[in-house]
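A.B. asks: If you're matching them up, the sequences are chains A and B in order. Going by the working numbering, 165 is the number at position 165 of the first sequence; the sequence numbering is gapless. Going by the working numbering, 297 is the number at position 24 of the second sequence; the sequence numbering is gapless.
Bear in mind the hints are in silico, worked out from the structure with no lab data behind them. As the structure is a computational prediction, the values presented were derived from the model and not from experiment.
Stretch by stretch, here's where chain B covers chain A in the computed footprint (C-beta under 8 angstroms, at least three residues): (1) 92-106; (2) 204-214; (3) 223-231.
Yeah, the Cβ is synthetic: ideal placement off N, Cα and C, and Gly gets one too.
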Amino acid sequence: MRARRFLPGGWLSAYAFLYIVFLYLPVIFLPIFSINTAPTPKFPLAGYTLKWYEDLPNTPALLDAAWNSLVVGVSASVLATVLGILAARSITRYRYPGRRTINGLIMAPLVLPEVIVAISMLLVMLQLGLSLSLFTVVLGHVLVCIPYSMTVLTSGFEGFDRSLEEASADLGESAFGTFRRVTLPMVAPAIISSLLVCFTISLDEFIIAFFLTGTEATLPIYIWGQLRFASKLPGVLALGTLLLVASFLLMTIAEILRRRAARRTQNEGGLYA
Amino acid sequence: MTAAVEGSPPLRMTRARRNALLQSEPVQGLALISPTFFYALILLVLPILVVIAHSFWTQHYLTIDRTFTLENYRVALTEPIYRDLLWRSLYISLTVSLFTVILAYPIAYFISFHGGRHKSLWLFLITIPFWTSYLLRVMSWKVILGYNGVLNSGLMGLGIIDEPSTALLYNTSAVIITLTHAWAAFAILPIFVSLEKVDRTLVEAATDLGDGPLRSFLRVTLPLSAPGVISAALIVMIPTVGDYVTPKLVGGKDGVMIANAIQAQFGKAANWPLGAALSVTTMLIVTLMAGATVLIIRALQRLAR
Numbered sequence: 001m002r003a004r005r006f007l008p009g010g011w012l013s014a015y016a017f018l019y020i021v022f023l024y025l026p027v028i029f030l031p032i033f034s035i036n037t038a039p040t041p042k043f044p045l046a047g048y049t050l051k052w053y054e055d056l057p058n059t060p061a062l063l064d065a066a067w068n069s070l071v072v073g074v075s076a077s078v079l080a081t082v083l084g085i086l087a088a089r090s091i092t093r094y095r096y097p098g099r100r101t102i103n104g105l106i107m108a109p110l111v112l113p114e115v116i117v118a119i120s121m122l123l124v125m126l127q128l129g130l131s132l133s134l135f136t137v138v139l140g141h142v143l144v145c146i147p148y149s150m151t152v153l154t155s156g157f158e159g160f161d162r163s164l165e166e167a168s169a170d171l172g173e174s175a176f177g178t179f180r181r182v183t184l185p186m187v188a189p190a191i192i193s194s195l196l197v198c199f200t201i202s203l204d205e206f207i208i209a210f211f212l213t214g215t216e217a218t219l220p221i222y223i224w225g226q227l228r229f230a231s232k233l234p235g236v237l238a239l240g241t242l243l244l245v246a247s248f249l250l251m252t253i254a255e256i257l258r259r260r261a262a263r264r265t266q267n268e269g270g271l272y273a
Numbered sequence: 274m275t276a277a278v279e280g281s282p283p284l285r286m287t288r289a290r291r292n293a294l295l296q297s298e299p300v301q302g303l304a305l306i307s308p309t310f311f312y313a314l315i316l317l318v319l320p321i322l323v324v325i326a327h328s329f330w331t332q333h334y335l336t337i338d339r340t341f342t343l344e345n346y347r348v349a350l351t352e353p354i355y356r357d358l359l360w361r362s363l364y365i366s367l368t369v370s371l372f373t374v375i376l377a378y379p380i381a382y383f384i385s386f387h388g389g390r391h392k393s394l395w396l397f398l399i400t401i402p403f404w405t406s407y408l409l410r411v412m413s414w415k416v417i418l419g420y421n422g423v424l425n426s427g428l429m430g431l432g433i434i435d436e437p438s439t440a441l442l443y444n445t446s447a448v449i450i451t452l453t454h455a456w457a458a459f460a461i462l463p464i465f466v467s468l469e470k471v472d473r474t475l476v477e478a479a480t481d482l483g484d485g486p487l488r489s490f491l492r493v494t495l496p497l498s499a500p501g502v503i504s505a506a507l508i509v510m511i512p513t514v515g516d517y518v519t520p521k522l523v524g525g526k527d528g529v530m531i532a533n534a535i536q537a538q539f540g541k542a543a544n545w546p547l548g549a550a551l552s553v554t555t556m557l558i559v560t561l562m563a564g565a566t567v568l569i570i571r572a573l574q575r576l577a578r
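Input sequences plus hints: build the corresponding full structure.
C.D. replies: Here it is, written out as structure tokens:
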């Protein structure tokens, strides 16, 4: 028997549709105005052009920023994922006192105002005499990426059947061998998913990079600098569109892999249990 | 499984047992998590302690005087400029979290109760815009609300207004709209999770016992999903209070928030201790506000039952 529900589904579906429009509409204006001939973003469009895109590869400052973002993104995602694997594994596999507190601390950057995280790291780095550079940006990005990495990885590690690892240990495999030959293949999709999520976050992150970088700009910092000039807007919109597509692709792949990881651990665990 | 263990040679069994004794579960677990834990300790806890320490010190040009003083807090709490910025930031973050939660609840409800097989697809659809650059999303609102923006040109095209309105951009409402949009996805997930946990048979029982759909929603589903509403409110409220990009891009003079003042103290104004005191004050006040929100929602939850 189905209970009658508050509000018929029809109204809710209509609301859901409007909500999706509200979520997506602002984002859709970026690609629309990036192919507009006129530099001011207003309707009706003056004409269609790809010249803003063609100008992008001829801007050395932009290419530098893109390279910096790539370096920072790869380093931060690898470091955050390694630290995330250790923590997620510990949280899902072991029971010990203080587990919840430590988990809470690691997840804390998710709910703290970013400005405060950024300036406190800035103070410590200056006190320690570290000179600000892309390295300090990586340190900051790792901190904010770990919570996301943990979320993806715990969902991949959970439901993982422990008896598989016990069997491997019982059959004489060392702890590392078990991890490499039993655990790792099962959770590989979750790990790749975590790498992609962290890379996407680092690629788009502005505040921490803004405070912790020296003279080198990442892509968001470059965009921030360009926003002051109205005439540069179409170029920024074109670059923004490319970043949008990149983020979208990375996140879609990450989501597919995360689901595959969750399904794999659950199904195969069930099969062998 | 047990058959396999009993069948393995005795030598291996003793080795396995010794390993188990040497490496007890808590020790292994703590050892495994320690690198990540220390990373968070050194780059999060230590920095926050350093900020707190700075807030009690004084800056003389390039040197820091480490004599204990409450002067920075006096300035942060009584100087009209900082007091106003603080109040405005709290007002904005409270309004934004109220809006996001109210807008998000029906969606979370829809996905949980009517989503059918497509629940995860819906959730994915909703989180996708969140993964695009925050800077770019704020910028698109600037494009929409601006003097020559989409909204103005659209309204003029329809003949509703004759000349572009300047009331849309560079004020507190622009900041609230942009932030509400930016944080929408964050509010949906926790509410959805708590709605998923609502025992459907309880809703049926309420209906069987004669409650109408609205009554059973208000007395069963809504109170049971209160934990999700609480986390949604907090997850939006705490970070938005310290937002820097949105006020800077769409806030104009009237939309400046406390984060902009904090940044100025670490940049141009170069008064770290005052910036630190402003940060600590913001954190303390937002924590109090978060605590009050939790208490109010819990009280409402008890009333509803």
